[in-house]
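Protein chains in written order, with numbering that gives the first Met the number 0: chain A, 0 to 341; chain B, 0 to 660.
Check each hint, because a few of them may be wrong.
[As the list claims (entries may be wrong)] Using 20 Å as the maximum straight-line C-alpha spacing, the simulated EDC-like pairs for lysine to aspartate or glutamate come out as follows:
hint, chain 1, residue 1, chain 2, residue 2
1, B, Lys300, A, Glu323
2, A, Lys85, B, Asp95
3, B, Lys96, B, Asp394
4, A, Lys285, A, Asp179
5, A, Lys250, A, Asp156
6, A, Lys225, A, Glu248
7, B, Lys67, A, Asp121
8, A, Lys245, A, Asp226
9, A, Lys135, A, Asp253
10, B, Lys300, A, Glu161
11, A, Lys206, B, Asp411
12, A, Lys141, A, Glu287
13, A, Lys206, B, Asp371
14, A, Lys250, A, Asp153
15, A, Lys225, B, Asp394
16, A, Lys250, A, Asp276
17, A, Lys319, B, Asp394
18, A, Lys299, A, Asp153
19, A, Lys225, B, Asp411
20, A, Lys326, A, Glu79
21, A, Lys206, A, Asp179
22, A, Lys141, A, Asp226
23, B, Lys624, A, Asp121
24, B, Lys300, A, Asp317
25, A, Lys139, A, Glu323
26, A, Lys243, A, Glu132
27, B, Lys383, A, Asp179
28, A, Lys128, A, Asp315
29, A, Lys127, B, Asp372
30, B, Lys624, A, Asp305
31, B, Lys300, A, Glu309
32, A, Lys170, B, Asp63
33, A, Lys341, A, Glu323
34, A, Lys243, B, Asp411
35, A, Lys243, B, Asp371
36, A, Lys250, A, Asp226
Just so you know, these hints were derived from the structure itself, not from any lab.
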Amino acid sequence: MRNRFTRSAAVLALGALVVVATACGSDTKAPASTGSVAPSGTSATTDTSATTATGAGISLAVNPWTGSAVNANIAKIVLEANLGTKTTLVDIDEKATWPGLDDGSLDAVLEVWPSGHGADFDTYVTGKKSVVEIGKLGPKAKIGWYIPTSMLTDHPDLATWEGFKNPANAKLFATAESGDLGQFLMGDPSYVSYDEQIIKNLNLPLKFVVAGSEAALITAVQQAVKDNTPLLLQFWQPHWLQSKVKLSEIKLPDVTPACTASATANDGKYACDYPVDILYKAASSKLEAKNPKAFAFLSKMQLTTDQQNEIAAMVDSDGKTAAEAAKTWVDANPDVVAQWLK
Amino acid sequence: MTATMPARASGTTMSPDPTANGNPKSRTPLITAIVALTALAVVGFTLGHTAPTWLDAHVRPWFDSVYKWSQLNNGTNWAFRFVFHPIADAITWSNDKVLSLLRALRWPGMLALTGVIGLRTGGRRAAITAVLALAGCGVLGFWDDTLITVALMLVAVGISLLIGIPLGIWAGLSQRADRVMRTILDTAQVMPAFCYLLPLVVAFGIGIPPAVMATVIYAIPPAVRLTSLGIRGVAVSSTEVGTSFGCTGPQLLTKVRLPLARRAILLGINQVIMMAFGVVVISALVGTGGLGQDVSDGLAKVNVGLAFAPGLAIVFAAVAIDRITTGERPSRKRATTNTAIRKLLDNPRYLGAAAAIAIIGIAIVAKVAGLDDFPHSLNLDVVKPVNSLASWVNDHFRHGIPIVGGTGSFSDFFVIHLLTPMRDLFQAAAWWVIIVVFAAIGWLSGGWRLATLCAACLVGVASLRVWDLAMDTLSQVFVAVLLSVALAVPIGIWSGRSDRLERLLRPLLDAAQVMPAFVYLVPVIFLFNVGRVPGVIASVIYAIPPGIRLTSLGLRQVSYAPREAALSFGATPRQELLKVQLPLALRSIMLALNQTIIMVLSMVVIAALIGGGGLGLETVYGLRKGETGRGMAGGLAIVLLAIVLDRITQAWGKRSSAELR
């Protein structure tokens, strides 16, 4: 028994040793160039801080949606081509991004939706001051209530929230899960949601149902449009799905100061439309000292809503990768890029 | 995977509980029970319909404040600077080294290494399967991402073994250590990774370290359990021989116990690896890249094929590693010819050296020949065919099937007539009624100690302030378990009696078990709409394989003598099955039930991602909104429910085998 143990161990150890030897001796270039390796933990700075004349390498967060991927890829192209800064893109969950900015293993994230990160902002930007806001990205986003546009032909009164007061209308949206009430579907629980309060305070015969993830929500939309069945949901602009299926936003009561106040107070009395989300950029507070040029560029970089939609469409409709789309757009718009570098 | 699947299942079994011994004689008379129940009912009435507000363990605010404190102090506090950060750096360093080693081997070298290890551990067949499976990852176009994932797995598995085997030895030698560890391992196994992922990021930073730690937490239980089991399984006679020859304590361990427990420990290693593959997708959320990220990308685009292809690569990688880490090496035939070369090759040390040199040679040749990337000409596109299959299924199965209607109407029927009434029943009953019922079931199954345990766990659920959500989850778990058992036991019986079916099912069951559930979330919603039904269906897909395997194994393990006896007394094959084979296989079928329940509970979070709600949604809030306390409360409630259901079904298993004797 013991013999076999030693033998196997010997074989493996020998194999491993010799292989390590060759790996060290004969290999310098092949690995590491894929870009998919995350700079990890606290040692990220040692990986990327091969300080060149043009400043330390940086890493940018890519959150799981097209807009985030194209912004980061555009920044990468400009950083590498114009500023000579080696840039790593890290695919990471939205929520895990902030601890990464906090300890400096991520240098910046270029598209933050304020509605989902109020607590992170309080903790890291105003509280700990380890993360700084570096200006608005440009595009405005808006959350709202949506139904498939095709429903409006038969039920034009569903264009505003008042149409849902009619129980017969609400019942169109009933499912097995919502019983007699109409179903209101919400996707990813991390997104800001006043829907339960709106339903309650406007006295609508609707039941709030959480789908649990954005993927589930999108699938439900695709299925409803395909089968021509009613669906009422929380959705938002910009989103790639908006260019694939026709959805119409329902008019909710206008945003009033009282309504905004009740959102801040969290008193459960919210009863109006969602405010416009102005997307912003955030960076680790260490970035300015680490690479001032990159910091200045990232602070200035801005896209309009139209520009972002144009690039996102190349990915979502034309099947390009985010990197290809970014390259195409940067090549076609040298003047915009020049503005960022002034 | 073949040989070990049933064993894998037992690796995931929550450990047996000595408190749940079902000795019928020790049971108190019925009257005592009635008196106790009445007393409980009186107490219960005074407690009211919903759990009283004073019953609050303050778990949520506690975790929230710890999390908040960590967020604010992780840069300055000593625990982070001198404990967590150095650990994180060490993990990153090892991962970088392992990954550059794997990459330096290039794909021909990797395949050769896999083949050589396979030859040594499992023989020619295992080696061929493993090499083909690994090559499959390249054919699917995910060679480098596979390496990234495998490197992370290797580091996580290494750490798990480094910690798990010593802990297992300790648990094997000390009864008390075993008892304490059992609770911790049960928690580690059932607690959803969603609860602790963000806290790990705050402690260890982003990227590889928190992903490795999450994998270790999830994958370590089998290492501890199987080591402990192996040590305990060593016959007393062997240790006595050791002692009588004058072995010291440490000698007894290293020369007698460990070598004799080797098989169990090796099985534990295999189990750890398989479990580790179960968290690939979730751990990618913190920025590891690799196959898990590819699956997430596909899911974010709601593209079935795009998520399926890397999912399949994960299955292939798991199969490859499984084949080369299972199985005893077939005993090599002694060479009959006595030439010098033969002699040289028979010495394992030289053979190992020769293999190592050959692999390095292949790697160097590959480098010189420029074989950096897996050849694109060999790539096979599965995305498009899978997508067209998915849309075909979507077009044809939802509506318009004669008689049954289609999956859409099936789903509605299921919700209205099964899930909703069940939930209403659980939620309408006063909380103490549920506790009394479970205590009674516990008492009937395993006596007073089990009854107390069940009641205590459910009071714990109430004190987490998630009672109604727990009842929602419990109702779904019941339905999913019923459905899984209704499917798994008949299929298992059939496959236990038909070798052809067994062979046919094997790869399907392997795939269903290792394929990340994220891959089939979208198709399941396609067919069953968003809601509780797709969650139940996804749980059933995940929970069926161990059920089928254990049932089939149980039937096959029934020795031939009693069956033959029955047949020779003129029993029809049907009688022989019902009166002989099934009763003798009952214990294994009970274990199948137990496994099914645990698997269903581990899917509660995934189900919440497609509309399941309940406790699973609480843990999703924990990760996605950073509400750690909320997630922890939900996760702990899932653990407590799991302990109740696990201990009760384990007691049934013990009784069914006791009654046979």
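**Report entry** Pairwise hint evaluation, aspartate 372 of chain B against lysine 127 of chain A, where the allowed Cα distance is 20 Å at most
**Finding:** It is violated: about 45 Å lies between the C-alpha atoms, which goes past 20 Å.
Query - Pair hint outcome, lysine 285 of chain A versus aspartate 179 of chain A [Cα-Cα no greater than 20 Å] - result: 55 Å, violated
Query raised in the report: Does the structure keep lysine 141 of chain A and glutamate 287 of chain A at a Cα separation of 20 Å or less?
Result: 31 Å, violated
Query raised in the report: Keeping to a limit of 20 Å between CA atoms, is the pair of lysine 300 of chain B and glutamate 309 of chain A held or broken?
Result: Since the Cα atoms of lysine 300 of chain B and glutamate 309 of chain A sit roughly 18 Å apart, the hinted pair holds (cutoff 20 Å).
**Report entry** lysine 341 of chain A paired with glutamate 323 of chain A [C-alpha distance capped at 20 Å]
**Finding:** Cα-Cα ~25 Å, so violated.
Query - Restraint check for lysine 300 of chain B with aspartate 317 of chain A, where alpha carbons must lie at most 20 Å apart - result: 14 Å, holds
Query raised in the report: When you check the alpha-carbon spacing of lysine 250 of chain A and aspartate 156 of chain A, does it fall within 20 Å?
Result: With a Cα-Cα distance of about 11 Å, the restraint between lysine 250 of chain A and aspartate 156 of chain A holds, given a limit of 20 Å.
Query raised in the report: Within a Cα-Cα threshold of 20 Å, do lysine 250 of chain A and aspartate 276 of chain A meet the stated pairing?
Result: With Cα atoms ~17 Å apart, lysine 250 of chain A and aspartate 276 of chain A stay inside 20 Å; holds.
Query raised in the report: Does aspartate 121 of chain A lie within 20 Å of lysine 624 of chain B when you go C-alpha to C-alpha?
Result: Holds, at roughly 14 Å.
Query raised in the report: Is lysine 300 of chain B close enough to glutamate 161 of chain A, meaning Cα to Cα at most 20 Å?
Result: 34 Å, violated
Query raised in the report: Can the restraint linking lysine 96 of chain B and aspartate 394 of chain B be considered satisfied, given a maximum Cα separation of 20 Å?
Result: 49 Å, violated
Report task. Verify the proposed pairing of lysine 250 of chain A with aspartate 153 of chain A, using a straight-line Cα cut of 20 Å. Result -> Between lysine 250 of chain A and aspartate 153 of chain A the Cα gap is close to 17 Å, so the pair holds against 20 Å.
Against the hints set out earlier in the document, violations occur for numbers 3, 4, 9, 10, 12, 13, 17, 18, 22, 25, 26, 27, 28, 29, 30, 32, 33, 34, 35, 36.
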